[in-house]
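J.: Spelled out, the chains give:
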Amino acid sequence: MQTKRTIFPNKLLPYALLAPQLAVTLIFFIWPAAQAVKSSFEREDPFGFRTTFIWFENYTRLFSEPGYLNSLTKTAIFAVSVTLLSMSLSLLLAVAVNRVLKSNRAYTTLLVWPYAVAPVVVGILWWFMFNPTIGIAPYMLRGLGIDWNHRVDGNQAMILVVIAASWKQISYNFLFFVAGLQSVPQSLNEAAAIDGAGPFKRFWTIVFPLLSPTTFFLLIVNINYAMFDTFGLIDATTNGGPNQATNILVYKVYADGFLGLNIGSSAAQSVVLMLIVIALTAIQFRYIERRVQY
Amino acid sequence: MFKNALFLSAGLAAMITATPGFAQTEIAWWHAMDAELGQRLEAIAQGFNDSQDEFVVVPSYKGTYPETLTAAIAAFRANEQPAIVQVFEVGTGTMMAAEGAVNPVYQLMADNGEPWDPSGFLAPVTGYYSDTDGNILSMPFNSSTPIMYYNKDVFAAAGLDPEMPPKTWAELETMSRQIMESGAAPCGFTSGWISWVQLENLSAIHDQPYGTLENGFGGLGTEFTFNGPVQVKHWENLKNWADEGLFEYGGPVGGGDAPPKFYSQECAIYMNSSASRAGVINNSGDFEVGFAPLPYYDDEIEDPKNSIIGGATLWALNGKDPAVYEGVAQFFTYLSSPEVQAEWHQATGYLPITNAAYELGQEQGYYEANPGSDIAINQITRGTPSANSKGIRFGNLTQARTVVDEEFEALLSGSKTAQEALDAAVERGNQILRDFEAANS
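Those sequence lines, one after another, are chains A and B. Take 1 as the starting number for the first sequence in my numbering and just add one per residue. Take 1 as the starting number for the second sequence in my numbering and just add one per residue.
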């Protein structure tokens with residue numbers, strides 16, 4: 001790789017130019033994160049009158065609490081399902097749109113719409129459709145002999161939030177896949193076709209490997225999305241219920257901290273969440289990226 | 001240009017001379033009342049502002065009860081707290097433990113020379129909100145208690161007497177079954193607030209302890225005991241009735257799905273706060289509504305005890321100027337006047353919190369003109385309150401209620417029996433109480 005080095009005549013100028021960005025990072029990212037780490041070692045009443053330093057008690061308590069272990073499992077199930085479902089569906093749609101010659105712009109526009117909807121609104125929409133009392137979906141499912149009540153059935157609740165979260169993310173993935181597909185050289189495809197490779201063979205041996213940078217990027221984005229950005233959606237559809245069946249880590253941080261006013265435990269959970277994401281991203285870059293062809 | 005400037009300065013001068021010689025003291029009031037209740041609340045603030053010109057009460061809606069409490073706490077930590085905040089009964093334990101944050105109402109009134117007579121309040125209200133020394137720490141404002149609403153049209157269609165609502169759970173079961181089997185409605189009954197109605201109030205009505213140390217009134221060392229035989233029996237019944245279809249679950253916390261089940265005539269009976277009255281009347285255009293006390297088990301208790309309180313009180317927070325507290329005290333006096341209270345009670349379905357407001361309503365003939373509007377007050381004042389029916393007081397009760405909801409869902413999904421679910425709720429709840437004790441001592 002070539003690197004251009006800019007030589008600043010003044011030693012202070014580069015730091016001055018960096019300062020605004022550094023200030024934003026320090027004030028909005030590093031400082032709150034440091035506060036969370038500090039709180040995670042303390043036990044405090046909600047009003048902040050009595051603060052006791054308790055070392056790792058918040059953490060040890062966390063990992064001996066069945067509710068937290070359950071939340072870890074649910075988060076894993078949720079993140080993997082959302083990532084797989086939304087990425088595979090959007091790849092399918094992108095390939096389909098790429099093959100359509102006429103009006104593929106119109107399809108693209110339509111498919112991108114859900115991305116413009118705010119997570120809470122998405123939650124409300126699906127909450128409405130699947131509401132066991134007034135929703136249209138349970139009414140139709142009853143016709144098929146399925147008794148839909150995600151207020152009681154934890155598996156159904158999980159299915160609901162996975163579908164809702166994936167639906168929202170499909171647009172984003174779709175856009176990147178469409179762009180990725182357009183950068184696959186047509187000549188390679190044609191050469192393979194002349195050699196007698198069918199559409200499936202061509203997709204798996206040529207297109208898919210060439211898409212791998214896009215896929216890799218989306219994998220990270222989707223896992224982060226499922227773990228962090230789905231808070232509003234969970235809050236609007238299931239509130240983490242029934243019986244904690246959809247209580248993913250990020251929702252539990254909110255519920256314990258803001259509803260339960262247990263600041264120490266909530267801070268410890270957010271620190272753990274931060275570590276998980278750092279670890280995941282590191283693993284992805286270390287191992288998966290090696291197999292990606294740029 | 002010069003002319004314009006002249007006009008401007010003349011206007012400015014006029015404005016300055018037009019303002020009164022002293023500034024009005026602002027009193028911020030954070031509350032959690034939306035929609036119609038919010039408008040009623042703002043009308044009260046407006047009424048106070050119009051009645052004098054020294055203070056201005058500024059109400060602001062801060063979201064749900066938990067959100068309002070969280071916002072007030074966060075504001076307190078940042079020294080930006082409002083003078084008055086509305087806190088729901090579940091937050092009472094938390095607020096009482098936060099001694100430095102609160103200006104207790106009995107002291108506030110005494111400091112500012114406002115009249116203060118706790119005996120003027122309804123006895124259950126005083127009992128619920130007093131500390132161990134018998135002092136009321138927060139101003140009672142909107143108190144309710146759960147009652148039973150039923151659909152008279154469905155009762156008639158099922159061949160039942162619409163004027164004879166079920167008195168006991170056994171009657172409720174037979175009637176629900178008759179309603180279902182006759183096809184009058186697909187479901188017998190539903191309920192909002194499972195934790196509050198089907199456990200806390202159930203325990204009070206049947207004189208069963210909810211926790212040790214007088215249901216938590218005696219100190220932070222309290223433990224939950226709501227896994228007794230009556231509670232287990234009731235939850236077992238609810239599970240069986242849910243399986244049979246007689247009972248439909250309306251969701252956790254407030255049970256948001258319960259009201260539409262009743263409004264759409266899917267369920268014939270609906271148990272919820274007396275403050276749901278306005279909503280029920282607004283949404284029952286197609287059918288006639290009846291009101292009744294909550295049912296009880298007549299083989300467990302002969303004379304059911306009083307039910308207990310829900311709703312919220314107003315807390316004065318510390319850290320403001322003395323002048324602000326003078327205004328707060330005057331506002332509280334205005335708020336508890338019989339006229340203001342009676343109007344609030346009659347418009348919303350909340351209890352009249354003072355005896356005077358109740359008597360005023362009687363004089364006005366309100367209860368005769370609106371049958372069923374005195375069910376709540378009769379139910380909460382019946383008999384002599386025992387230690388078990390005086391109320392409950394636990395720290396971190398929001399979390400404990402979440403646990404109750406979760407275990408109820410485990411029961412409904414069939415993964416636990418009633419005994420197992422309640423045992424688990426007690427165990428998890430006690431852990432929460434120990435956390436609260438540790439953080440506050």
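None of these hints come from the bench; they were simulated from the model. Even glycine gets a Cβ: it sits at the ideal position worked out from N, Cα and C. Hints are supplied without guarantee of correctness; some may be wrong.
Stated by the list, open to error - Quick look at which bits of chain B chain A covers, simulated, 3 or more residues with Cβ under 8 Å:
1) 127-134
2) 138-147
Claimed, not checked - Estimated spans, in silico, between C-beta atoms of each pair:
3) Pro185/A x Tyr61/B: 33 to 41 Å
4) Ile124/A x Gly120/B: 19 to 27 Å
5) Tyr61/B x Ile124/A: 17 to 25 Å
6) Ala387/B x Ile134/A: 39 to 47 Å
7) Arg77/B x Ile134/A: 34 to 42 Å
J.: Of all the hints given earlier, name the ones this structure violates by number, lowest first.
T.: Violated: hints 1, 2, 3, 4.
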